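The task is to assemble the complex, starting from two chains supplied on their own in separate frames and drawing on the hints.
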Amino acid sequence: MDITINILLTIATAATPLLIAAIGELVVERSGVLNLGVEGMMIMGAVGGFGAGYLTGSPWIGLLAAIVVGALFSLLFAVMTLSLATNQVATGLSLTLLGLGLSGMIGTSFVGQPGVRLPNLDIPVLTDIPVVGKLIFGQDPVFYISIALTAAVMWFLFKTRTGLTLRSIGDSHTSAHALGIKVIRYRYLAVIFGGACAGLAGGHLSLVYTPQWVENMSAGRGWIALALVVFASWRPWRVLAGAYIFGAVWIGQLHAQAFGIPVPSQFLSSLPYLATVVVLVLISRNKRLTMMNTPASLGQPFVPDR
Amino acid sequence: MSANHDGANLLEVRGLTKIFGTLTACNHVDLNIAKGEIHALLGENGAGKSTLVKMLFGSLEPNSGEIFWDGKPVKITSPGVAKKLGIGMVFQHFSLFEALTAAENIALSLNDGSPIGTIAAKARALSYSYGLPLDPESLVGDLSVGERQRIEIIRCLLQTPQLIILDEPTSVLTPQEADKLFETLERLRAEGKSILYISHRLEEVKRICDRATVLRHGKVVGHCNPRQETAASLARMMVGNEVKAVVRAPAEGIETAPALLEIRGLTRKPATPFAIPLKNISLAVRAGEVIGIAGVAGNGQGEFFESVSGEVLQQDAGSVRIRGKDAGALSITGRRLMGAAFVPEERLGHGAAPRMKLSENLLLSRHATDGKAFVSGGMVKNASVYSAAQRIITAMDVRKSAPDPEAAALSGGNLQKFIVGRELDRRPSVMVVNQPTWGVDAGAAAHIRQALIELARSGSAVLVISQDLDELFELSDAIAVMHNGELSQPLPIAEATFEKIGLLMGGAEPGHAEHRMEVA
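Those sequence lines, one after another, are chains A and B. Using this note's numbering, read the first sequence as starting at 1 and increasing by one per residue. Using this note's numbering, read the second sequence as starting at 1001 and increasing by one per residue.
Bound conformation, chain B alone (with noise of 0.2 Å):
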């Protein structure tokens, strides 16, 4: 317990359920919210984390279980009533509207019907005082990821909660956006606001919050004090076993390596309002060694790789090569046969179709490159597409619940694991992996990075754009940052360090950067 607080509950949650179908997505789960305190819920995902907050937002009806404000019981029966009782949500996935300004965003859920010019300067001048500084006039569609969330810690703000829910705050914003955050979070608690901090990183909860509740499919496992705690302890409670650490074996010759995938002054004018072009962007990837690609998310990363993969073909056909010879106007298809392999960011409807079986799926990546294996005079040969789907689901550890189940059937995780073994299991040359962990749990996300780092070794060249930076720095050899559709030089991971790529990320110069750190 943390001296921050009173001991009395500003919220208590009593033998919360909620059940979808036959999955109990909350379980009894109990809860208490002291306050002026930051609460940290932590799980993995799936754990019921976000089923639980929407129900203490309104969203979301229980099946069973008490919520007490202050003590006394209520029923929150939509957002309408949580915002009445003073409970302020910051959702993960933003509830923006891009075609809106700030400012009519602000007006949208604040009920009091003051004009908008008045909200506009009200939360101005309060975006200032808490040093996030916010123009009401800008369109939401032209904002970066950080801006859009000033707009949602803002608009929440102005509704004096006393309560406020941050579902994964941090997922999308640089180190140095974080930092500012939390100052934002401490200050709110001086205040006497009750924070309850939703994230799975666990050094971010070490360092802010005061308690914690850890969920495991759906159950409430265990209330520690983060801050006594070490970052393994916290995973193994939230996992409930040890997660295998990833080795990365120290790449050998990768000098003299031959670059199979080079870009060289990629450069794409936007195609809509709020993409973003790129800009000369040049990079090679030689054999034997994994280049990360780190960025806030919706700096040119999505564009990019759609100009790598042939989803979007270039004018100059040098602009990206491929095992030395020019690929750019080669459809995806035609890559592929080049070697490559390549793993989208949306699982669902990009990377794989989601009503259609895995074998299915596999057959639809992989009819080109494998048409001998998988086709024989126009007919699709099933027997050796399913044991091939099967060789896949065993060596990636998929877990289903049919032999063949549809791909929309399978957990997120589960389901990028087969996206990832489909590729993997072709020994492409060249593979590049979009978000490869992307809301995938600890073991699996191990599981899939370490693949990557061994499919390198073998003689590969792979690249791998994230936005989480842990990630980066455990499998990559070198880090090149993204920012506004333009790629820096990569760095090597021996000279790279949070700081360094947290400011590339945040936009400053490679040279600034050096300097601001020698004066530092």
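The following block holds chain A by itself, in its conformation from the complex (with noise of 0.2 Å):
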């Protein structure tokens, strides 16, 4: 029993980066912008939640510096491309790549230094709750928060008048403007709001998941992020699912390497993305759903002409 629920819980600790970046990144995406940044985003909160953590002592402070380094470096992509129109796949392609460079400089100080971890939830009498105690009220806080981060999002994009806008603007930046919707405000909003997302998912990382500064800690994270988004077809409820799934193969293929189980451990590594990929081609089988929440200006630089 105790080992299922250990399970279960290193299920959801795997998952909650991922849904958080891809979170963020879908109402990136919703806005018709395509940061292909995540990854740099997420390797900078990370080593900005250690750096904060490590010099304060304050858990809490490192996942605070985490969401605001990736906001700032999110800043960066939003004035190339939206302020200057560069190009979004170029532009965020080398945010990438300058985040993971620039991370690993910061970082050369903090290798091998103990971290700080942010503490479980622990509600006395609740948390003791045998079986679903642990897993409902025990888990670090970025769990309740990535849950919580995906219902708000649900809800705005889908019920407010603001969340319409914002999506109208993913269909057609021209129509848009056309009806005095400020777009590059807008899109301005819903990049730093992804970059948040992307640091916090980063500060999880190191201050939650291996509270320690590793250089290209993020392993790719964002990169899987990024895929889910599109394959979820921007829908957050799949976005959730898309990252449990890939979180529950993932642990499972561990195990299952650690067992001994006769079968190439390459095989084992690819079943996450494969598992992933399947499900979620399998839930997105609606054609016309699809297109009809696939952002129809995603990607294309807007320039108003005045």
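Derived from the structure by calculation, the hints contain no laboratory data. Some hints could be false.
[Stated by the list, open to error] Below, in silico cross-link-like pairs of lysine to any residue (SDA-like), each with a Cα-Cα straight-line distance of 20 Å or less:
id, chain 1, residue 1, chain 2, residue 2
1, B, K1084, B, P1161
2, B, K1084, A, A178
3, B, K1122, A, I7
4, A, K159, B, G1113
Model, not experiment: these values are computed from the prediction.
Written out as structure tokens, the structure reads:
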């Protein structure tokens, strides 16, 4: 029983950073902007979060710093692509490369240092309830943030006027501009929100997942988050499903490898990717729904003529 | 001046100027719109109508000039400011979001924060009171162009504007839908609202407008009362000289001529959620004749053209036959080699590569059919390509700024002349053209139409797909109508009337249409 609960807990820990980064990118892409710099923003958040936590001794300050660093780093992308109308793909890729290099440089003195870890939630009585107590009331704070964030983004996009406006910009920025909607302002806010989320996801890595600083510790999670958004056809609950499927298969194959199952480890390592793609392709079979949810102006630079 | 206004000006524009680079799109334009009048803004494509209107709606900033609203000077810096003043706009290229519902689209332009349900109810009530029924829950991507325009109009009316700007509103409507629109406009005028009506369709301007301002090359060249003018005199004001009428010599011996292009039971499933399926289309175009295909935009014309030209291949090779041979499984080049030529609707990106020179664009479409003339041992014969391009430029009177400019540097009309000329130059035995004169000025349009008729009379089969009924009546020997992916029997031009074609465009059964005619 305890093993099962522990496995479930590790699955949640593995899925949380993917979910947060992907939900942030989902909002960005719904506004019509493609930011391929998620990996870079995430690793900057990780190094910023670790550094602030290490220097102040407070994991909470570390988490806040991760969010701020991610948001600031995305601002660079926003200025380039929105104000200067550079190519979003190239700018996003260079943001990732810059983030990976810069974080390595900033983090040289942090390597091998003991980090601080965000404590898990512990509510007397509730957390001690057998079986479900730890799952519902005993996880790390970022887990709860990630679930609340997903619900909030869902509500924002599909229930609020501002969310409708954001989606309309993603559908056609020229139409939105013709109606007098401030396209660039909305996109700036969306990109910064996405950066803050990626930073938070990075902070989770260096303050919860493995509370230490290792170069390249994001290990491609930013790219997985990006793929999740597309395979989930830009729908928040599908992103959640995708993140948890990925997390579950990831943890599952680690255990399988530990048990020494006679299957090549390379194949096992590739399973999470395969499983996630297959499941998400299956749930987005409905072509019509997918087309409707795809932001039609995704990746196109917008230059209003005055 | 008409009786319907008291002389007070709602909007006054003085010396409005807009400069783009070296082009002066609007040059000291003056315009007065009185309360309770329908004011026409006339002009050819590129005369500056859209630029002027965008400045009135705040989407463009004028370089100089003044705007007065109700006698007070105003600066319209954004569409939001325009809406607050009471200016509403129905756009030519609709500013709707396809992936959202009608109600969501309407909500986006009202900044009052009321819930979508309330807005939907209001929109439904207003739409029925104006006789423009609308289902607020429907997805815009599923709607016809006419229905989309209703959303735009209702959206505009919900903002209770004093001045409504309509940019080419009837270019996408059936004649019957247009009648409905005119009723709505007359009712709005009776309610004391002012309307700025932009069009190049002179008959409808004569019918509903009280005054007209005519623009040419960005300048106001005259004001008039369109009811006292003839269509010809209005055209003369717009163009600056007489427009040559298209001459259609009677076609002889068509009945016995061989069918050069045959479509047999062409059926196609939709490729995307918003595409139209083609349903069992059959048609024969004989040597010597021009057949026109009418229809409201988005009824399958684009899909039909793709299937006929070979952009999309058919399962059934016999569903498209060129000069008596199956061509349904052949690519565009394969069909060209059989003697067919195609002019797609979209000029830039489909008909021509925007950043390539005219001579290079010529080579791209004809290297296979004219291999001997243009290519030798795998190398391009630049000199002969260049001289062929010059020949086309001269024959079609293409106006350009450089000897061999990039396609994108030409105006729409001139590029269209070049693209049509490029195909005509081959003397194809089958010619299929989609929207031959969309956005082309009157003089150039007449030139293109005349060239198509002459090609047919010299023994080729010509198929023209167009939304412009005037054009089809001018050049076709028979007109078929496409509605919702189905094609009607071609009506010989002698039997075709605007009313019959209009009913077919709206989806009435051909027999049913005849019947209603007789009753009427």
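Comparing the hints with the structure gives:
1. At most 20 Å may separate the alpha-carbon atoms for a hinted pair to count; B:K1084 and B:P1161 meet this at roughly 9 Å.
2. For the hint pairing B:K1084 with A:A178, the CA-to-CA distance comes to about 15 Å; that is within 20 Å, so the pair holds.
3. Note on B:K1122 and A:I7: the hinted pairing is violated, with a Cα-Cα distance of about 54 Å set against a maximum of 20 Å.
4. About 12 Å separates the Cα atoms of A:K159 and B:G1113, which keeps this hinted pair within 20 Å; it holds.
Of the numbered hints stated above, the single one contradicted by the structure is hint 3.
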